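Engineer: Next come the chains, spelled out residue by residue.
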Amino acid sequence: MPRVTTQNFFPASVLAVQNAQLQEALRRAGSGFDGARREAIEEVGQGSWDKWREEARQIKVHTLEHLDYYLELLAENVERAGGHVHFAKDAAQANAIVAELATSRRVKVAVKSKSMVSEELNLNEVLEENGVDVYETDLGEYIIQLAGETPSHLVAPALHKTKEEVAQLLHQKLGVPLTDDIEAMARVARDVLRDKFFQADLGISGANFLVAETGTLVIITNEGNGRLCTSAPPIHIGITGMEKVIPSLQDLAVFLRLLPRSATGQPLTSYVSMVSGPRRDGDEDGPEEFHLVLVDNGRSRLLADPDLRESLNCIRCGACLNICPVYQKVGGHAYGWVYPGPIGAVISPTLVGLKQAKDLPFASSLCGACREVCPVKINIPRMLLHQRHLLSESPDPAERSVTLSESLLARLFTIVMSKPTLLAAARKLVRLLARPWARNGTVRRAPLPPASRWTHQRDLPALPTRSFRDLWKQDLASSDRVTDGRDSDSGVSPTGSSEDPSPNRSEDG
Amino acid sequence: MGDPTLGCYDLSRLLPLGPAKPGLRRNVGITLARTEPIKVSLFATCIIDQLFPQVGASVVRVLRRMGVDVDFPPDQTCCGQPLYNAGFTRQARQLAQRVFSSFAESSYVVVPSGSCAAMMRVFYLDLFAGDQQNYARAQALSDKVYEFSEFLVRVLEVRDLGAVYSGTAAYHPSCHLLREVGEREAPELLLGQVADLNLVDLPQAESCCGFGGSFSVKYPHISEGMGADKADNVLATGAETLISCDMGCLMQIGGTLSRRGSDIKVRHLAQVLDGETR
Ligand code: SF4
Chain A
2 MPRVTTQNFF
12 PASVLAVQNA
22 QLQEALRRAG
32 SGFDGARREA
42 IEEVGQGSWD
52 KWREEARQIK
62 VHTLEHLDYY
72 LELLAENVER
82 AGGHVHFAKD
92 AAQANAIVAE
102 LATSRRVKVA
112 VKSKSMVSEE
122 LNLNEVLEEN
132 GVDVYETDLG
142 EYIIQLAGET
152 PSHLVAPALH
162 KTKEEVAQLL
172 HQKLGVPLTD
182 DIEAMARVAR
192 DVLRDKFFQA
202 DLGISGANFL
212 VAETGTLVII
222 TNEGNGRLCT
232 SAPPIHIGIT
242 GMEKVIPSLQ
252 DLAVFLRLLP
262 RSATGQPLTS
272 YVSMVSGPRR
282 DGDEDGPEEF
292 HLVLVDNGRS
302 RLLADPDLRE
312 SLNCIRCGAC
322 LNICPVYQKV
332 GGHAYGWVYP
342 GPIGAVISPT
352 LVGLKQAKDL
362 PFASSLCGAC
372 REVCPVKINI
382 PRMLLHQRHL
392 LSESPDPAER
402 SVTLSESLLA
412 RLFTIVMSKP
422 TLLAAARKLV
432 RLLARPWARN
442 GTVRRAPLPP
452 ASRWTHQRDL
462 PALPTRSFRD
472 LWKQDLASSD
482 RVTDGRDSDS
492 GVSPTGSSED
502 PSPNRSEDG
Chain B
2 MGDPTLGCYD
12 LSRLLPLGPA
22 KPGLRRNVGI
32 TLARTEPIKV
42 SLFATCIIDQ
52 LFPQVGASVV
62 RVLRRMGVDV
72 DFPPDQTCCG
82 QPLYNAGFTR
92 QARQLAQRVF
102 SSFAESSYVV
112 VPSGSCAAMM
122 RVFYLDLFAG
132 DQQNYARAQA
142 LSDKVYEFSE
152 FLVRVLEVRD
162 LGAVYSGTAA
172 YHPSCHLLRE
182 VGEREAPELL
192 LGQVADLNLV
202 DLPQAESCCG
212 FGGSFSVKYP
222 HISEGMGADK
232 ADNVLATGAE
242 TLISCDMGCL
252 MQIGGTLSRR
262 GSDIKVRHLA
272 QVLDGETR
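Sequences listed follow chains A and B, in order.
Everything in the first sequence is counted per the numbering used here, starting at 2 for the first residue and increasing by one.
Everything in the second sequence is counted per the numbering used here, starting at 2 for the first residue and increasing by one.
Please keep in mind that the hints were generated in silico from the structure rather than gathered at the bench.
Worth double-checking, as some hints may not be accurate.
To be verified - Cross-link-like lysine-lysine pairs, in silico, DSSO-like; alpha carbons within 30 Å at most:
id, chain 1, residue 1, chain 2, residue 2
1, B, K145, A, K356
2, A, K164, B, K145
3, A, K356, A, K378
4, B, K219, A, K164
To be verified - Estimated spans, in silico, between C-beta atoms of each pair:
id, chain 1, residue 1, chain 2, residue 2, range
5, B, S167, A, R28, 50 to 56 Å
6, A, P451, B, S167, 21 to 27 Å
7, B, D202, A, E285, 55 to 61 Å
8, B, G168, A, L423, 18 to 24 Å
9, A, R28, B, R261, 15 to 21 Å
10, B, E277, A, P307, 28 to 34 Å
11, A, P451, B, Q95, 20 to 26 Å
12, A, T404, B, G131, 46 to 52 Å
13, A, L423, B, G183, 54 to 60 Å
14, A, K52, B, E189, 39 to 45 Å
15, A, A185, B, S167, 55 to 61 Å
16, A, T404, B, E277, 47 to 53 Å
Quick caveat, the model's predicted, so the values are computed rather than measured.
Positions of the beta carbon are idealized from the N, C-alpha and C atoms, including for glycine.
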């Protein structure tokens, strides 16, 4: 698979936090999406919202449990409607299918609406190699295509760019005057793309949902480009992950409520396009040929693992990215592959190989905000923990990837913590060794990692003279001496310790 | 568990307690009305044991003031969360089993940390999901584990501890207390009753401070950035004190604030409740 840099998360994240322009873009986008999401939920009421989430989760769990059945049903119904269905086990196969379709039909120009799966496959490059000019028609995708970059967000692919940068880009690539009017920039793009829609021999789209019962591909957009891509050119190829299938149109209803609200805070997107097969006799428009490419590309590995399966519930709303404090600091590109943020940290390691992405499961404070906002209730922290476990002690040595010092540290920690006397001894030793660096109960610069990695921008409390267990033994153990702990340890304040002025400003004054 | 407020009003008719201090009087009522005081075992947590012993002392004093019989099983060490979070489940299980033994006899285990409470109540169950015998022990422990503020409000059913704390303060809810223990209200209910305390809203209160245990040193640049955002929000409130129920968060936020030369104090909820009483 091309362009996988998940193994570079650490250095990429260091660069990202130092990149002032990226930080500005992230700051501006910041809480915008999340604020809109909150308002949308407030409007419907948390009670209904949670009911919908549970319903959606159950639909997904059920469908994934019977994925073989629903995929067959879907294929049958797509074919009944006159379409063709292709199953691709990996990126190479998926690309070969699309390339073959394009070359055999002498396709010169293709227009695309937004598809994360095509990014995952690196499909554009493959098509270009086969002599096809590919135009992204989603505004954000168009911008990053012009810039030669990859998306940094599931919903807003150009989120890492400020509007000033976009203006510069359009100015350089298209020769239009610089402007800071977003509407004007969108107009420029629209004018360029309008022609392409009618020149195109091929329209490529992703899918937000696939309805098994009717063989329908559902796309939701705000720009209407999805509808044009799927109806103007003579051929339409829908390409998506096999987990996108849901049983029936009735099931679709709850997802149409959840997805736009979670993504942008809209009760409904401007366009909901439903495509069932090619143009029929009497239809005014629509393609002559319709192909659906269903991609596995590692998804069956997620499906096979009961601890990771629910990651396939994801409807790519991006809510977890918008709330994630880590994503908000490092942006999408640091994650090194198409799927950024918490959900990316969970699925990328399985899709590209755990060892190839061993930093990702650790790129989280496990705050759980992602789980709380996820419209299909995916327990992301739990899955990150599972992957950490695989990296540290998987029965399969090929998956394991723990440094010697980490496993020694874990072992040492366990030994020390297995005996209070050892803990007390270790404490004495550390206190002794740390003494030269402690001043007024605070360490401002520790000499060695991991402490030195803390003190770069944060003060560290030094170990006080007595541990709590000392305090307990000496002052607190008998309840009639309830006040002693306070008297001897902090004459003035109930909070600090008089022996060790408190390290992290726990001392009054 | 009976209603801890039962008997207190009768008592006030019998005893010349004076009219002025309803909160405190009620507490005295509990102590005297109970024939058998509630027994609580304290799990001190590594951070409090090693770095902030005074917080543990406050916890003990507050609980005792409420008439609770507190003990500290001396064999306890760490709940194993640092190992669990790093993926070392085998070793985490080892420490978890120590915790099972240390607290086997306890009827309540009170933990002055949302994070360690989450480990003991929620994550132990995951840790032993495939091991029937230990799962039962994990379940038994899980049922009796309470985070400190949760214990006061949900078990003792008290809100007013008669504490006084003068000044302006903001409250930072820790992620694990909010989202794993699921306790949103208790700390604020308790703080709402502290006399002279002016509690102000913390912007983006529910976003993570960036501590995350080993995350703070594994990805210091990200952790620092998150800490900086939190510190900015704390400074924006103009509060003199920042209160939380997790010393991990307070070490992170306090360490960031103090490096910036700010003199905002950080306090565990127990320290505030342990303030002078009315
Ligand atoms: S994991 Fe949940 S919140 Fe994140 S993108 Fe997927 S559906 Fe949305």
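Engineer: Next, verify each hint and record whether it holds.
Structural biologist: Now for the hints, and whether the structure bears them out:
| no. | hint | in the structure |
| --- | --- | --- |
| 1 | B:K145 <-> A:K356 | 39 Å, violated |
| 2 | A:K164 <-> B:K145 | 54 Å, violated |
| 3 | A:K356 <-> A:K378 | 27 Å, holds |
| 4 | B:K219 <-> A:K164 | 33 Å, violated |
| 5 | B:S167 <-> A:R28: 50 to 56 Å | 36 Å, violated |
| 6 | A:P451 <-> B:S167: 21 to 27 Å | 38 Å, violated |
| 7 | B:D202 <-> A:E285: 55 to 61 Å | 56 Å, holds |
| 8 | B:G168 <-> A:L423: 18 to 24 Å | 41 Å, violated |
| 9 | A:R28 <-> B:R261: 15 to 21 Å | 19 Å, holds |
| 10 | B:E277 <-> A:P307: 28 to 34 Å | 54 Å, violated |
| 11 | A:P451 <-> B:Q95: 20 to 26 Å | 22 Å, holds |
| 12 | A:T404 <-> B:G131: 46 to 52 Å | 27 Å, violated |
| 13 | A:L423 <-> B:G183: 54 to 60 Å | 35 Å, violated |
| 14 | A:K52 <-> B:E189: 39 to 45 Å | 27 Å, violated |
| 15 | A:A185 <-> B:S167: 55 to 61 Å | 56 Å, holds |
| 16 | A:T404 <-> B:E277: 47 to 53 Å | 50 Å, holds |
Violated hints, listed in ascending order, are 1, 2, 4, 5, 6, 8, 10, 12, 13 and 14; each of the other numbered hints is respected by the structure.
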